[in-house]
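Undergrad: Put together the whole structure using the sequences plus the hints.
Those protein sequence lines, which keep their order, are chains A and B. Position one of the first sequence corresponds to residue 1 (the working numbering), numbered consecutively onward. Position one of the second sequence corresponds to residue 1 (the working numbering), numbered consecutively onward.
Rather than coming from a laboratory, the hints here were simulated on the basis of the structure.
Simulated pairs of lysine-lysine, DSS-like, Cα-Cα distance not exceeding 25 Å:
#1 B:K78 <-> A:K124
#2 A:K46 <-> A:K124
#3 A:K28 <-> B:K78
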Amino acid sequence: MRHDEHEHDAISPLQLRVRALESVLIEKGYVDPAALDALIDAYQTKIGPRNGARVVARAWCDPQFRRWLLADATAAIASLGFSGRQGEHMVAVENSADLHNLVVCTLCSCYPWSVLGLPPTWYKSAPYRARAVKDPRGVLREFGVELPESTRIRIWDSTAEVRYLVVPQRPSGTGHLSESDLAALVTRDSMIGTGLPRAPT
Amino acid sequence: MSYRSNADLGGQELRGAIIPEPEGELFHAPWEPRAMALTLAMGATGLWTIDMSRAARETLVNYGDLGYYEIWLAALEKLVSESGALIESAIRPPRLLRAESVAATLARGTPFERAPVRAARFAVGDTVRTRVDRPAHHTRLPGYARGKTGVVARVHGTHVFADTNASGLGECPQWLYTVEFDERELWGDGLPVQRSTISVDAWEPYLEPV
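TA: Below you can see the structure in the form of structure tokens.
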């Protein structure tokens, strides 16, 4: 699939199609237009990767929460207020010095929306879905991540309704940081496995 | 009856670039958020299941030429048309997602686990082989993982079976497993060593004992 390059000025044929469909579905009583605005607002302002970053930072700070997260991610994550659509059945997988986890959906674009929000374009793209399972080191290199040869890679293809959250390794030199400072180091890509957390400044 | 998914991409030789994207960059055209929201709002009506949506998307003949929200839009148009929702005598929607219930509806989600009615056939550590044949309907066993031998890594309980749920044949819940494969089992010995294992989540009917 190509990257979208639609112009933003004139009304595009796609814009017209969406408007036509929206109008007829509202007219027929299937859609509340205010609900559309509420859905867009939810994913623009409330449900995104900062949710997942809070989960990871808590796991870094609280050994008991970490154990709970690895044993029953759905419940542990819900305890922080994050639950629901496309996060109904969560599994957290933890990176270590010897093991790196990488998440993909080769069949469509399954993604843990409740903790990461809407998936990025590359996650839904054909090249990522095709190559992540077969050439993970090549894919990681495209994200600027070079893993030691000795590190094992564990790839999770999300083919059912289980959704995976990667718990990256806590960066060194962060012992003095608060949980919220730590959350700021947790990138979206580090929770998919295509990136690593930021180093503290 | 033939059924062809154009979305089963794992392991294919697709050389296009993977372009990283900043965290806040959610949409790339003004129609995309509306298409996303329309898809979710219509999904909430209960006129079709999420597996029917996936089947509608993956069978688009021009799937590979479309951007992702274009796929969503084309599939939504198809689902609306095929559901009969727009004919004059159409029945009222089973449910209507109202603005005031959006937050609660998203937070609730739609859990897919069901109470088991029989014991699981496999346990963690069991060696299993995936089915070779590709059924003539929506299914969730990727092509690269067909006819392969792996090990059960997790048992997830009994989940709604995508194959039947996509075909309007009901939920028919089945035990769901994470099955882990060594890279050589999937791709052979000819490729550069990645030191990787790959898993899929597979319902019990996809698996047989070894």
